[in-house]
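Input sequences plus hints: build the corresponding full structure.
For the record, in the sequence shown the residue sitting at position 53 is 53 according to our numbering, with numbers rising by one throughout.
Just to be clear, a hint being listed does not mean it is correct.
Using 27 Å as the maximum straight-line C-alpha spacing, the simulated DSS-like pairs for lysine-lysine come out as follows [as the list claims (entries may be wrong)]:
| hint | residue 1 | residue 2 |
| --- | --- | --- |
| 1 | Lys45 | Lys60 |
| 2 | Lys48 | Lys60 |
| 3 | Lys134 | Lys48 |
| 4 | Lys134 | Lys45 |
For the record, the hints were derived by calculation from the structure and aren't laboratory data.
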Amino acid sequence: MAPIDRSNNAEAALQDEPDDDSDKGGSSDYSVGDLSDDVFYSVDKLRKIVRAIRSSPQHKQAWLREVRMALESRNDGVDAVEQVLMLILDVATRCALDFQDIIDSYVSRIHELWDFELSDADWQAIELVTGWLKMFHSATTQMSTTKISMLSTTHAIF
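Printed below as a string of structure tokens:
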């Protein structure tokens with residue numbers, strides 16, 4: 001595991017001089033605050049899409065049809081009806097990345113969801129959050145599996 005440095009400290013990162021990323025074509029004044037706003041906005045849009053899908057029987061049926069058609073088009077030999085899942089509101093990022101194409105297709109067809117259409121940057125932010133959540137889940141699992149915490153795992157996690 002890599003050593004923890006100042007880049008993981010949000011306050012320290014905000015005090016640092018901005019990195020020169022002109023070779024990447026990005027702006028050099030992109031701060032941690034901007035990143036957190038973008039991540040929040042992206043996850044919020046996804047939650048609104050999931051909430052809209054789950055809010056009415058018509059949306060649920062349309063969503064299930066969309067997933068069923070996508071799974072049948074993949075034609076991987078598995079019964080598509082058994083694989084169709086409903087999106088989960090509280091942990092929307094858990095399966096959202098698996099359904100990215102289906103969510104994009106569904107949102108593009110439903111006029112009232114056009115305001116929540118997710119861009120590539122939104123999906124990257126959601127993928128970033130998913131990675132963070134997986135790390136926290138892994139750390140929690142590791143700390144919970146032993147009766148006595150060991151210094152080597154405690155130091156690496158904190």
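Now the hints, each set against the structure:
1. Lys45 x Lys60: 18 Å, holds
2. Lys48 x Lys60: Given pair Lys48, Lys60 holds - Cα atoms ~14 Å apart, limit 27 Å.
3. Lys134 x Lys48: 22 Å, holds
4. Lys134 x Lys45: Given that 27 Å is the threshold and the Cα spacing comes to 21 Å, the pair holds.
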